[in-house]
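Trainee: Protein sequence lines, in the order shown, are assigned to chains A and B. Under the numbering used here, the first residue of the first sequence carries the number 1, and numbering increases by one thereafter. Under the numbering used here, the first residue of the second sequence carries the number 1, and numbering increases by one thereafter.
Read the hints as simulated data drawn from the structure, not as lab findings. Please note that a few of the clues may not be correct.
Note that identical chains are pooled: a pair holds if it fits in a single copy or bridges any two copies.
[Said to hold, decoys possible] Derived DSS-like pairs (lysine-lysine); straight-line CA-CA distance at most 27 angstroms:
#1 Lys217 to Lys204
#2 Lys333 to Lys48
#3 Lys294 to Lys249
#4 Lys297 to Lys48
#5 Lys163 to Lys199
#6 Lys163 to Lys333
#7 Lys301 to Lys382
#8 Lys249 to Lys297
#9 Lys297 to Lys250
#10 Lys48 to Lys294
#11 Lys199 to Lys43
#12 Lys250 to Lys5
#13 Lys163 to Lys301
#14 Lys163 to Lys294
#15 Lys294 to Lys5
#16 Lys297 to Lys204
#17 Lys249 to Lys5
#18 Lys382 to Lys333
#19 Lys253 to Lys204
Protein chains: 2
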Amino acid sequence: MLMNKVALIGAGMTRFHHSLHKDKSSRELFVEAFLECLDSVDKSISHKDIDALFISATASEFFEHQSHIACLLSDWTGLNPIPATRIEAACASSSAALEIGVFAIASGMYDIVLVGGVEKMTTLEVDEMTYALMSGLDHPYECILGVSNPGLYAMMANAYFEKYDSSWEELTSISIKNHHNASMNPKAHFQSEIMDIAKKISQKKGLKFDNEMDFLKSPTNPYIAHPLRLFDCSPVSDGASAILLASSKKAKKFTDTPVYVTGLGHTSGTMSLHDRRDLTSIPASVEAGNRAYKMAKIESKDIDFAMVHDCFTPAEIIATEDLGFFPRGEGGKAAIEGRTRINGEKSINTDGGLKAKGHPIAATGTAMSYEVWKQLRGEADKRQVNNAEIGLIHNVGASGGTAIVQIFRR
Amino acid sequence: MLMNKVALIGAGMTRFHHSLHKDKSSRELFVEAFLECLDSVDKSISHKDIDALFISATASEFFEHQSHIACLLSDWTGLNPIPATRIEAACASSSAALEIGVFAIASGMYDIVLVGGVEKMTTLEVDEMTYALMSGLDHPYECILGVSNPGLYAMMANAYFEKYDSSWEELTSISIKNHHNASMNPKAHFQSEIMDIAKKISQKKGLKFDNEMDFLKSPTNPYIAHPLRLFDCSPVSDGASAILLASSKKAKKFTDTPVYVTGLGHTSGTMSLHDRRDLTSIPASVEAGNRAYKMAKIESKDIDFAMVHDCFTPAEIIATEDLGFFPRGEGGKAAIEGRTRINGEKSINTDGGLKAKGHPIAATGTAMSYEVWKQLRGEADKRQVNNAEIGLIHNVGASGGTAIVQIFRR
Chain A
1 MLMNKVALIG AGMTRFHHSL HKDKSSRELF VEAFLECLDS VDKSISHKDI DALFISATAS
61 EFFEHQSHIA CLLSDWTGLN PIPATRIEAA CASSSAALEI GVFAIASGMY DIVLVGGVEK
121 MTTLEVDEMT YALMSGLDHP YECILGVSNP GLYAMMANAY FEKYDSSWEE LTSISIKNHH
181 NASMNPKAHF QSEIMDIAKK ISQKKGLKFD NEMDFLKSPT NPYIAHPLRL FDCSPVSDGA
241 SAILLASSKK AKKFTDTPVY VTGLGHTSGT MSLHDRRDLT SIPASVEAGN RAYKMAKIES
301 KDIDFAMVHD CFTPAEIIAT EDLGFFPRGE GGKAAIEGRT RINGEKSINT DGGLKAKGHP
361 IAATGTAMSY EVWKQLRGEA DKRQVNNAEI GLIHNVGASG GTAIVQIFRR
Chain B
1 MLMNKVALIG AGMTRFHHSL HKDKSSRELF VEAFLECLDS VDKSISHKDI DALFISATAS
61 EFFEHQSHIA CLLSDWTGLN PIPATRIEAA CASSSAALEI GVFAIASGMY DIVLVGGVEK
121 MTTLEVDEMT YALMSGLDHP YECILGVSNP GLYAMMANAY FEKYDSSWEE LTSISIKNHH
181 NASMNPKAHF QSEIMDIAKK ISQKKGLKFD NEMDFLKSPT NPYIAHPLRL FDCSPVSDGA
241 SAILLASSKK AKKFTDTPVY VTGLGHTSGT MSLHDRRDLT SIPASVEAGN RAYKMAKIES
301 KDIDFAMVHD CFTPAEIIAT EDLGFFPRGE GGKAAIEGRT RINGEKSINT DGGLKAKGHP
361 IAATGTAMSY EVWKQLRGEA DKRQVNNAEI GLIHNVGASG GTAIVQIFRR
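Taking the hints into account, I'd like the entire structure generated from these sequences.
Mentor: What follows is the structure, encoded as structure tokens:
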């Protein structure tokens, strides 16, 4: 039980994009997210109010030959000499940073803490980038054999198809929905429906696609790792996100509509896929979900909307089952039936998800919280979930070595 | 003010060494430290008692192409599925992990937390290793110009000599003392007095050195970055360290002699040296010390012994001044006069320091706490400080972008 309640009092993020931030380094990207975060606080807040920084940059060693980045960001944001620490848990890094920010405040040590993540990925070519991200897998047992992140999720997809007699077509419902949601999100990497992208490509190449499936099944959507095609994979994006946390006592000074952190679940799983009995579920996600529900004293049915970790389309289906939103084997069917659309039975990835919003690794976790912040304050514009009261984020490290679930309510 | 008091209830570390651990990976090294840590707990403790893991491996991306190492270590220690998070702050990484472990317990979230660090450095050749560690500097402003860690500390040494009219001879008092202390430490990388090493080398090469200074001034002790010679630099070592933290309530269940964390100071400084007005002090250290003293409600004079960050010999002199142990410009003189020897006026680096105990980057912080644990429990054997009641650790990230000071008492 936490000794003190902790709230979000501000949130900011850059747009996620592959070329827009070409000339910006990760420090410049983070400053941009930080400034929006400061601006988002309802009442005036100053640098002096911020006590500490917990920040993620998952693979900045590879992307910018830069470690020790926390103190650098403390300096660039003008927050120096506050304590600044970098947090890493692969793709779940900045959710881990948020969790630690909560601990630091609940402990009584600090009143206001800045957390967030930044990743400048496009400094590397795709092959080098893929190899860099393979460092998040078990090096001697997976990475060294040439298996990459798409390969691992492809194995999960195949296991799922086999067990539940389903097929790749189910996956397309995820990418189509997430592109639709992202088309309404000004921060998203791709702000287009898949059909709009298909039309653009067909004009360029003199092709013709009658509908989305036509396009998704064509060689224009090539295989990355069978059965995953290009549009089953989240893109490579640059971006940053930032969240300001405060003790509930301090929060009232800065906003009349704080968003409270009510549930924290964080677990480690086996890193290698070969150590798991079943590939159709991520055990760490199930356990993290259970812990978060227990702490928040709610059940999965109480969740109004969720950002789940759809690094690859099968991951969203598995996540919605692992979190108890749908029975085993029915996550894909639920998506096809539109039950995961905004204001469907359970609104999933209202921001476009990793698939269409983008996935600058370390920025992803707190970008999920950013969307929860927007939704719970009724500021999500066309993406708004009606009567949003309880939101959840689910952030997975690599192929499930880490899973973090966090629950927020207004 | 922390809501709960937190104590150390166990500590373990591998020997630090450059060749002894040749066939071990970082996961195997950490398991070794963890097992000693479990064994060190006075009363029986089981894996099930441990709630979370905060672990550092500063540059494992470069050394083993391995990030996301926290969940891997959770698995290899048998602690899976507990939450496992990696913490990074360059050379101060595992002290930052310990601090976060304290927050996590004081927050009420967990009762018992494992913290620690591991670094397997010897996978790289020296030139690659040097470049890897340069990632802890400001990449576009320092690293890219070819400046390395020894170079930065060499600049600090020169500034110090200039300002206080002192010279390289003062530095030798640090390496001589720390090698002496390490000669009594079974965990140290070098367990030899400098004169013993000199004799060994002279026999091999047919040389003759009449005393330590003779050797230290000879070409056998070559310049690394003027004025720093080889014996002014900490070595490249593999190693791991681990500390078990518990709430004061739980601590009593496992030991009658817990060691309490009473002061935490952690600050960020400018990363680049060119952003500092004066190179004869590390501002982040001064501020971290002040914060730790304030929290512990003591002054520098109350400290019985300290592990300070002597990655290079001038760093120890500057640290003893930054922490208020000696007036400005007198740290070197104090060392020459023997006032920093074990049971001198202020016992500094009783374990041999980074210089002679070794400096496997991420393992260093919690290895400092390991020595404090031994000292405060009266288990430091020949290195024992008489009536040791209050111990301090001072851990710097790279050239001072981060400084962490922690105070412990029995």
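Trainee: State whether the alpha carbon distance between lysine 48 and lysine 294 is at most 27 angstroms within one copy, between copies, both, or neither.
Mentor: Answer is between; shortest inter-copy Cα gap is 19 angstroms, intra-copy 36 angstroms.
Trainee: Should lysine 163 paired with lysine 199 be assigned to within, between, both, or neither, using CA atoms and 27 angstroms as the limit?
Mentor: This pair counts as neither: shortest intra-copy Cα distance 35 angstroms, inter-copy 70 angstroms.
Trainee: At most 27 angstroms between CA atoms: does that hold for lysine 333 and lysine 48 within a copy, between copies, both, or neither?
Mentor: Cα proximity of lysine 333 and lysine 48: none, with 51 angstroms in one copy and 39 angstroms across.
Trainee: Is the C-alpha distance from lysine 294 to lysine 5 at most 27 angstroms within one copy, between copies, in both cases, or in neither?
Mentor: both (16 angstroms within a copy, 26 angstroms between copies)
Trainee: Pop the pair lysine 163 and lysine 333 into one bin, within, between, both or neither, using alpha-carbon distances up to 27 angstroms.
Mentor: within (14 angstroms within a copy, 74 angstroms between copies)
Trainee: Cα distance capped at 27 angstroms. Does lysine 382 pair with lysine 333 within a copy, between copies, both, or neither?
Mentor: within (25 angstroms within a copy, 70 angstroms between copies)
Trainee: With 27 angstroms as the alpha-carbon cut-off, assign the pair lysine 250 and lysine 5 to within, between, both or neither.
Mentor: both (10 angstroms within a copy, 23 angstroms between copies)
Trainee: From the Cα coordinates, with 27 angstroms as the cut-off, is the pair lysine 249 and lysine 297 best called within, between, both, or neither?
Mentor: Both. Shortest intra-copy (22 angstroms) and inter-copy (26 angstroms) distances satisfy the 27 angstroms Cα cut-off.
Trainee: For lysine 163 and lysine 301, with the copy left unspecified, which applies at a CA distance of at most 27 angstroms: within, between, both, or neither?
Mentor: within (25 angstroms within a copy, 68 angstroms between copies)
Trainee: Is the C-alpha distance from lysine 163 to lysine 294 at most 27 angstroms within one copy, between copies, in both cases, or in neither?
Mentor: neither (30 angstroms within a copy, 60 angstroms between copies)
Trainee: Is it within a copy, between copies, both, or neither that the alpha carbon of lysine 301 lies no farther than 27 angstroms from that of lysine 382?
Mentor: within (24 angstroms within a copy, 62 angstroms between copies)
Trainee: Go through the copies and call it for lysine 297 and lysine 204: within, between, both or neither, with a Cα cutoff of 27 angstroms.
Mentor: The answer is neither: 53 angstroms in one copy and 71 angstroms across copies each exceed 27 angstroms.
Checked against the numbered hints given earlier, this structure breaks hints 2, 5, 11, 14, 16, 19; the rest are met.
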